[in-house]
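Listed below are the residues making up each chain.
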Amino acid sequence: MIGLPTSSPEVVSPARETRPNWLSRAVNAVRKRPSAAVGLFVIAAFVVLAVFAPWISPYSTSSPTGPIYAAPSASHWLGTNSLGIDELSLLIVGSRISLLVGSCAAVVAGLIGGTVGLVSGYFGGAVDVVLMRTTDFFIVIPPIPLMIVIAAVWGPSLGHIILVIGLLLWATTARVIRAQTKSVRQRGFVKRAETLGERSARTIVRHVLPQVAPLLLANVILTVALSIFYETALDFLGIGDPTAVSWGTIIQNAFLETATSNGAWWAIVPAGLAIALVIISCYLVGQALEDALNPRLSGGYLLVRPWKLRPLTGREAEDL
Amino acid sequence: MSQPLLRVRGLNVWYELRGRTEVHAVRDVDLDLDEGERVGLVGESGSGKTSVIMALMGLLPSTGSLSGEVLLSGERTLERGERSARASRWRHTAMVFQGAMNALNPVKTVGWQIIEPMLVHGVADKGQATRRTHELLERVGLPGATARRYPHELSGGMRQRACVAMALACRPKVLLADEPTTALDVVIQAQIIELLDDVASELGMGVIVVTHDLPVVARLCPRAAVMYAGEVVESGPTDALFHSPRHPYTKRLFEAVPDLSLGEEVSSIPGSPPQLDRPIVGCSFAPRCDLGFERCTVERPRLRLVTPDQLAACHLNEMPSEQVAPASSHELGPQQSEPDAAHATCGPATRRDPLLRLSEIQVKYALRRGPWDWLGRRPREYVRAVDGVSLEVRRGEMLALIGESGCGKTSTAQAILRLVEPASGTVEFDGAEVTRLTRRALRPLRRRVQMIYQDPYDSLDPRLNVRGIVEDGLVANRLGDRSERNVRVRRALERVELSPPERYLERLPHELSGGQRQRVAIASALVLEPELLVADEPVSMLDVSVRAGILSLLSRLCHEDGTAVVMITHDLSTAAHFADRVAVMYLGRVVEIGTVREVIRAPRHPYTKVLLSAVPDRDPCVRARPILLGEAPSAAMIPSGCRFHPRCPMAEPTCSELDPQLEPAKGHRVACTLAPRLQTAPAAVTGAEVAP
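Those protein sequences? They're chains A and B, same order as listed.
In this text, residue positions in the first sequence follow our numbering: the first is 71, and each later residue adds one.
In this text, residue positions in the second sequence follow our numbering: the first is 363, and each later residue adds one.
Isolated chain A (complex conformation) (with noise of 0.2 Å):
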């Protein structure tokens, strides 16, 4: 497989001149599946969204702008909440909470599953043994109950929620990375990086790193889908933090403020519509860039197509 180096975090971006290789790249894997761009595109506008929400956001979120759970209208779009507050406005505001933390979430997973996917693939032996147990061990905790009792122990915090996840998120990713980072490791230029007296931190940044990049970038996208679900079940949950507006903030209110009974589907529907798009959105651009960088997905030579018999032309056509 030939790797691209991406702007993954922990990457030196060390070859300016394939830049132009890997930009080509994403485009094409875009184009060629119109399902990554819808993806792309609904991502984007929810970005958009979070950054300017202060000011497309039409009302307050912190006072009530109408009666208590009014329908939607022609001013209140999505209706109002309990208090009065204007469920769009919520809606626009919260998105800035919900994308920041799983975003900065996957980061720290990406970050932690990356490096450990390195060098357990890289040095391998007792390192690889004792890495690998402890993300076995990562994998099997049930996260639900104990980002509840970190969250619960440390305080609720936008830090802490984005650590607490982050911590209970990198097992797949290092598992992932280790396993590419052993075939690459098996690759000549590896080995030839070492007889060349390279440094392995050296070897493992300039010539390892580049070339599971791409896949550690599938990775942290995926992973961002699932940080989101965390972040928005923490909130419903209670343990998020009480004063920001989030996602999951307007459904527990909705939820504890007996939304249902009243039939205000508004408070609920819109908030669980946003989470769905956003990490629907991330699955499919994470899975494009998958199948785009491993050339094992790729069915197309699996075709059960004979090959063509042409006309005689030209030569053949006059000697016989």
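Certain hints may be false.
In silico SDA-like links for lysine to any residue, alpha-carbon gap of 20 Å or less [unchecked claim]:
1. K261/A <-> V482/B
2. K261/A <-> R802/B
3. K378/A <-> R448/B
4. K378/A <-> M903/B
5. K261/A <-> M903/B
6. K378/A <-> S424/B
7. K252/A <-> E360/A
8. K252/A <-> T204/A
9. K252/A <-> F193/A
10. K261/A <-> R809/B
11. K378/A <-> E864/B
12. K252/A <-> Y819/B
13. K535/B <-> S424/B
14. K378/A <-> S446/B
15. K261/A <-> Q816/B
Keep in mind the hints are simulated off the structure, nothing from the lab.
Please arrange chain B on chain A, whose structure you already have, making use of the hints.
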């Protein structure tokens, strides 16, 4: 005139590439094959030779398309595309694929795979097919019980034999062999060649052998066709092609192949074959041809009769005879090899003290590990890959390590650099004991000993450009500042004949040809100015036409610049041509060591003699009968006494008890108790004879 068995007219093959371009891989190929006749198809990789036989089998990939007429006993086999091809495939034309490892299904028994085509084509019922499978296996030299075994239980040579049996299952009229001997050891190669020879003459099939290995064609095929850039440029009797080629490419191709005859010049063909995704104007070989003239760049030469039985596609043949003459005496290109004088004595940089001294090196690999071995416990069983090897290499000297695969030659080389830790013994480099150094102290030494790997497609980082790759060693060792590194990189590229360096600095590995890649790999080692180069099969992955160039480059580095070179190779001809001294290894031991002249001309160990006899000559008139022996035993089960005695044609009862050691003297040494007696009658064992 009688109808030939197989008649191919105007065969063209195209492959569709991504981005809507199309490669015209085979262009207007005509081919005739009579019953019982054997034809060789030779050429560099990418010359379209494999495409030709894949088209004959109807086995092109879905991106392929073909046109042309293929008549098998007067019947058109491809006229209805895949449907008509399927009916005749394996029934009338069968094939021995390249790489026997992949041609067999790992989850089915060998017998099942031989029976399958017979049942599919309705040639035999189940009982008959089973009986025939036994016969076939015995015919190809395998016990009949092999039918119940799985491919992984067989060695490489046995698998290739099973593939031959499979090809013979339906009694095909035409047998196609695609590189039947590549990836096999010399001794096994010779066996497979003998087998194909026997089987083909016994069954009277027509055989087409596709190979880049000219000696194989010289040995097997009385007639051959040379392919270049998708077309047949010359065809005729093999010895005529060798002795009086009428196309410059044929001549240069034969010159590029070393054989055991010491002193003959070997030269590579400069340049690379043309791109086939655009139309070729004029002669396809013109850009690389040193005899070309104006007409060659304008008009495509047609294949015509130049002698009563030789066809060639070259305008030179239409010129008056005195102007054709230069074809046999033209000047060699700049990549000419060192003359023979280089072998006898070393260059001026020679010094008496050995630069590298291995004594009693042992390398062991753990065979079976217990569940707690990662904690540092000792594994229970070992393979002794290298078992007491002692060698010396001086500056300005090229030592070739020769042996079958699994004999420990690569492990020995890795032990020199401590890429594997020797279990015992010492490595001394320039007076310092490498085996006693700590990892940290080893690093500066790594700079002075550099390694060149077998596969230049794997050993260059695909993301770095040539500058980055060559510079890597300097940066890693913190040598020089930016401008100095730049100067050194350029100098290294010039030394490997990639000049001007500017043309290559910014290129990525995938933009280079195989030969250029290997040159870049060598440059990346040279930039550190090493005193010792360890080259692990440096040319085995490269095309025949560029091999000689790489080898003479190494030889020049060695003899002119005084770099010591240890070259690992399984190819005796290569060693004979380029090395100064040869060490023959067998099952972890050096069994014979001496100068090239001594070892190749007057081998004393029976194993060396066997190896030498297995090398086919590139001259088709020299037909030496190889000595056949069983396959190499595994290093996990080393026989008692002399390791070679179970396979040795000369073995005596005492050989299974006495473990011969390398004679302690200097010079040509051998580890065989019988050697003193055998020396008197060497002809008896080589069995070489020159055909009239």
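To see whether the hints hold, each was checked on the structure:
1. Between the alpha carbons of K261/A and V482/B the distance comes to roughly 47 Å, so the proposed pair goes past 20 Å and is violated.
2. For a cut-off of 20 Å, the pair hint linking K261/A to R802/B stands: about 18 Å separates their Cα positions.
3. In summary, the hint linking K378/A to R448/B is supported, as the alpha carbons are separated by about 14 Å, within the 20 Å threshold.
4. Distance restraint check for K378/A and M903/B: the Cα-Cα separation of roughly 32 Å exceeds the 20 Å cut-off, and the hinted pair is therefore not satisfied.
5. The straight-line distance between the Cα atoms of K261/A and M903/B is roughly 18 Å, inside the 20 Å bound, and the hint therefore holds.
6. For the proposed pair K378/A and S424/B, the alpha carbon gap of about 8 Å is at most 20 Å, so the pair holds.
7. Only pairs whose Cα atoms come within 20 Å are accepted, and K252/A paired with E360/A is accepted, the gap being roughly 18 Å.
8. Restraint check: the Cα-Cα separation between K252/A and T204/A comes to about 18 Å, which is no more than 20 Å; the hinted pair holds.
9. Taken as a hint, the K252/A and F193/A pair is honoured in the structure, with Cα atoms around 9 Å apart against an allowance of 20 Å.
10. For a cut-off of 20 Å, the pair hint linking K261/A to R809/B stands: about 14 Å separates their Cα positions.
11. With a C-alpha separation of about 44 Å, the suggested pairing of K378/A with E864/B is violated against the 20 Å cut-off.
12. For the hint pairing K252/A with Y819/B, the CA-to-CA distance comes to about 19 Å; that is within 20 Å, so the pair holds.
13. About 26 Å separates the Cα atoms of K535/B and S424/B, which puts this hinted pair outside 20 Å; it is violated.
14. The suggested pairing of K378/A with S446/B holds, with an alpha-carbon distance near 13 Å, which does not exceed 20 Å.
15. Between the alpha carbons of K261/A and Q816/B the distance comes to roughly 12 Å, so the proposed pair stays at or under 20 Å and holds.
Of the hints listed earlier, those the structure fails to meet are numbers 1, 4, 11, 13, in rising order.
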